[in-house]
Amino acid sequence: MEALDIYNRAKQSFGDKILEIVDKKPDPWMVVEPSALVEVCESLKNDAGFAFDCLSNESGVDYKDRIEVVYHLFSYQHRHQAVLKVKLPREGATVPTLEKVWASANWMEREIYDLLGVNFEGHSDLRRLLMPEDWIGHPLRKDFVEPLEYHGISTVRESAVIRLK
Amino acid sequence: MSTLRTEEMTLNMGPQHPSTHGVLRFIVRADGEVMREAIPDVGYLHRSIEKIAEKVGYHGFMPYTDRVDYVCAMFTNQGWGMASEKLGKIEVPRRGEYCRVIAAEFNRLASHLLSVGTMAMDIGAITPFTHALREREMINDLIEELCGARLTFNYMRIGGVAFDLPPGWREKALAYLDHLEPILSEYDMLISFNKIYIERLANVGVITAQEAIDYNLVGPNLRACGIKWDIRKDIPYSVYPDFEFDVPIGNGEWGQLGDSMDRYMVRVHEMRESVKILRQALKQIPAGPVLAKVPRNFKPPAGECQVRVESARGDMGWYAVSDGTGYPWRVHVRTGSFAAMGIVQKLSRGLMIADLVTLIASLDVIAPEIDR
Numbered sequence: 001m002e003a004l005d006i007y008n009r010a011k012q013s014f015g016d017k018i019l020e021i022v023d024k025k026p027d028p029w030m031v032v033e034p035s036a037l038v039e040v041c042e043s044l045k046n047d048a049g050f051a052f053d054c055l056s057n058e059s060g061v062d063y064k065d066r067i068e069v070v071y072h073l074f075s076y077q078h079r080h081q082a083v084l085k086v087k088l089p090r091e092g093a094t095v096p097t098l099e100k101v102w103a104s105a106n107w108m109e110r111e112i113y114d115l116l117g118v119n120f121e122g123h124s125d126l127r128r129l130l131m132p133e134d135w136i137g138h139p140l141r142k143d144f145v146e147p148l149e150y151h152g153i154s155t156v157r158e159s160a161v162i163r164l165k
Numbered sequence: 001m002s003t004l005r006t007e008e009m010t011l012n013m014g015p016q017h018p019s020t021h022g023v024l025r026f027i028v029r030a031d032g033e034v035m036r037e038a039i040p041d042v043g044y045l046h047r048s049i050e051k052i053a054e055k056v057g058y059h060g061f062m063p064y065t066d067r068v069d070y071v072c073a074m075f076t077n078q079g080w081g082m083a084s085e086k087l088g089k090i091e092v093p094r095r096g097e098y099c100r101v102i103a104a105e106f107n108r109l110a111s112h113l114l115s116v117g118t119m120a121m122d123i124g125a126i127t128p129f130t131h132a133l134r135e136r137e138m139i140n141d142l143i144e145e146l147c148g149a150r151l152t153f154n155y156m157r158i159g160g161v162a163f164d165l166p167p168g169w170r171e172k173a174l175a176y177l178d179h180l181e182p183i184l185s186e187y188d189m190l191i192s193f194n195k196i197y198i199e200r201l202a203n204v205g206v207i208t209a210q211e212a213i214d215y216n217l218v219g220p221n222l223r224a225c226g227i228k229w230d231i232r233k234d235i236p237y238s239v240y241p242d243f244e245f246d247v248p249i250g251n252g253e254w255g256q257l258g259d260s261m262d263r264y265m266v267r268v269h270e271m272r273e274s275v276k277i278l279r280q281a282l283k284q285i286p287a288g289p290v291l292a293k294v295p296r297n298f299k300p301p302a303g304e305c306q307v308r309v310e311s312a313r314g315d316m317g318w319y320a321v322s323d324g325t326g327y328p329w330r331v332h333v334r335t336g337s338f339a340a341m342g343i344v345q346k347l348s349r350g351l352m353i354a355d356l357v358t359l360i361a362s363l364d365v366i367a368p369e370i371d372r
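The listed protein sequences derive, respectively, from chains S and R.
Oh and the first sequence: position 71 is 71 in this note's numbering, straight run, nothing missing.
Oh and the second sequence: position 55 is 55 in this note's numbering, straight run, nothing missing.
Honestly, the hints are just simulated from the structure, not real lab data.
Hints may be right or wrong, so weigh each one.
[To be verified] Below, a list of computed lysine to any residue pairs in the SDA-like style, where the Cα atoms sit at most 20 Å apart:
1. S:K17 - S:E33
2. S:K85 - S:R66
3. S:K25 - R:K89
4. R:K228 - S:Q77
[Said to hold, decoys possible] Sample of chain S residues facing chain R (criterion: CB under 8 Å; computed from the structure):
5. I21
6. K25
7. L129
8. Y150
9. I153
[Unchecked claim] Which bits of chain S does chain R cover? Going by a derived footprint, with three or more residues having C-beta under 8 Å, they are:
10. 65-76
11. 94-104
12. 130-136
C-beta atoms are modelled at their ideal positions from N, C-alpha and C, and glycine is treated no differently.
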């Protein structure tokens, strides 16, 4: 199925839980109500017509006024893919975890929590993945300012070009 | 009769450990030699490459993509190139696509040689490693002649490749393939069918097809579970539809389907397929330009896309968001090693400590690719 057909069929069965279908090139997407995310994803996975057996990518984007979590679903059976998004407020961004629907969500959600500060409700092991445990802030947020030092180690390097002069 | 009292141990493995293929740490909870669990601790090689992309612009990001996975940098180059081209609706000239495929398949050979070589070394056979690296050196020489670098290539550009094949390079490349093919059989005799080697790999770290999809395993790790799936064939990109090649899958020949031996054998067979592709590509390569005209100040229209490339470690997904300026708003790369690392904790339960090394090697995990 083409992505837009998938979204229109989902809109028929879920109604208001699908907030928006955005037909934008190259990849269109649909926006899902955060509280209905697990329900929508479960039926996208279990419905034989969709059969999205794989969560191929999950990432987050900071748009300055909101944070979006993006899900790329893929079906090995039908070879089609769909893009789902949820829009969250920047302060206290929270979305239910999809770990129980697709196991691969576990690590990808830990990464988004770490780098963008999105809280995944019900996640079994929500710890920082890439940054040190005691790191403050979430580096992929647009307003993140890198601290000048970390445990006494400077994060600023003298420019080699200046030294040559 | 009183039973012997045993106690659980918590051991640290890494970050600097010869078999972890980069800087990678495990916290191992073990009862004697049997692990209760191995908890991976990653992030030692995190260089915020995705954040850098937001600062350096589309063309400027190309050399950084090499560092995402320095063992097969051609594919990260290609992934970024394809994502930018899809956003900016740029068509790559056919010769450019052929150059990309040739460079990428040579890189796949180099990566798989390193993978199977280090796998043997991790298990305790040092000699095959030196043989594999000797062959890989020759590929590095070829690629060096092509683009001037041996590891971080920066060969591709948005819209094609930086350099055409140098004069006489095609003949050299074909001569190398003639040299490599018998060596692959020799390599099989040296290590693949060695009884000790098979016993160390067979039935270790078995992954079912269901688990593999659930954990989003990709590439050789997925194919070893018996799933015939290759992005080059199933969601074709570049000029791959022009070539005839097979997709080797695991068959449980030496133990259970989806064990470490299957993952190893899939890589060995894939090298032969790469040789097939290379022979056809070097023969069919058309004349023409290698690089499309792309403005230096490249500003793709606002929008977002995901492209998928079959790298040596499997389906690599590049997600790029453009806001219409010269700098990408967001870039995310989902790599094969990241997915493979997510399943290690589950597979480690009940495994011997020595088999953890086998498991990591068989998943072909590259630490910088996990951390980015």
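Quick rundown of the hints versus the structure:
1. Distance restraint check for K17 of chain S and E33 of chain S: the Cα-Cα separation of roughly 5 Å lies within the 20 Å cut-off, and the hinted pair is therefore satisfied.
2. A C-alpha spacing of about 12 Å is found between K85 of chain S and R66 of chain S, which places the hinted pair at or below 20 Å, so the restraint holds.
3. Straight-line distance between C-alpha atoms of K25 of chain S and K89 of chain R comes to about 10 Å, which keeps the hinted pair within the 20 Å bound.
4. Between K228 of chain R and Q77 of chain S the CA atoms are separated by roughly 12 Å; this keeps the pair inside 20 Å, and the hint holds.
5. For I21 of chain S, the interface hint is violated, the least distance from its beta-carbon to any beta-carbon of chain R being 15 Å, above 8 Å.
6. Taking 8 Å as the C-beta cut-off, the interface hint given for K25 of chain S holds, the closest approach to chain R being about 6 Å.
7. Annotation: interface hint on L129 of chain S holds; nearest CB of chain R at approximately 6 Å, less than 8 Å.
8. Checking Y150 of chain S against chain R: minimum C-beta separation of about 13 Å lies over 8 Å; hint violated.
9. Checking I153 of chain S against chain R by beta carbon gives a least distance of about 14 Å; that is not within 8 Å, so the hint is violated.
10. Here's how the segment 65-76 of chain S fares: 3 of its residues keep a CB closer than 8 Å to some CB of chain R, so the rule of at least three is met and the hint holds.
11. Counting residues of the segment 94-104 of chain S whose C-beta sits closer than 8 Å to any C-beta of chain R gives 3, which meets the bar of three, so the coverage hint holds.
12. Residues of the segment 130-136 of chain S lying with their CB closer than 8 Å to a CB of chain R number 3, which satisfies the three-residue condition for coverage.
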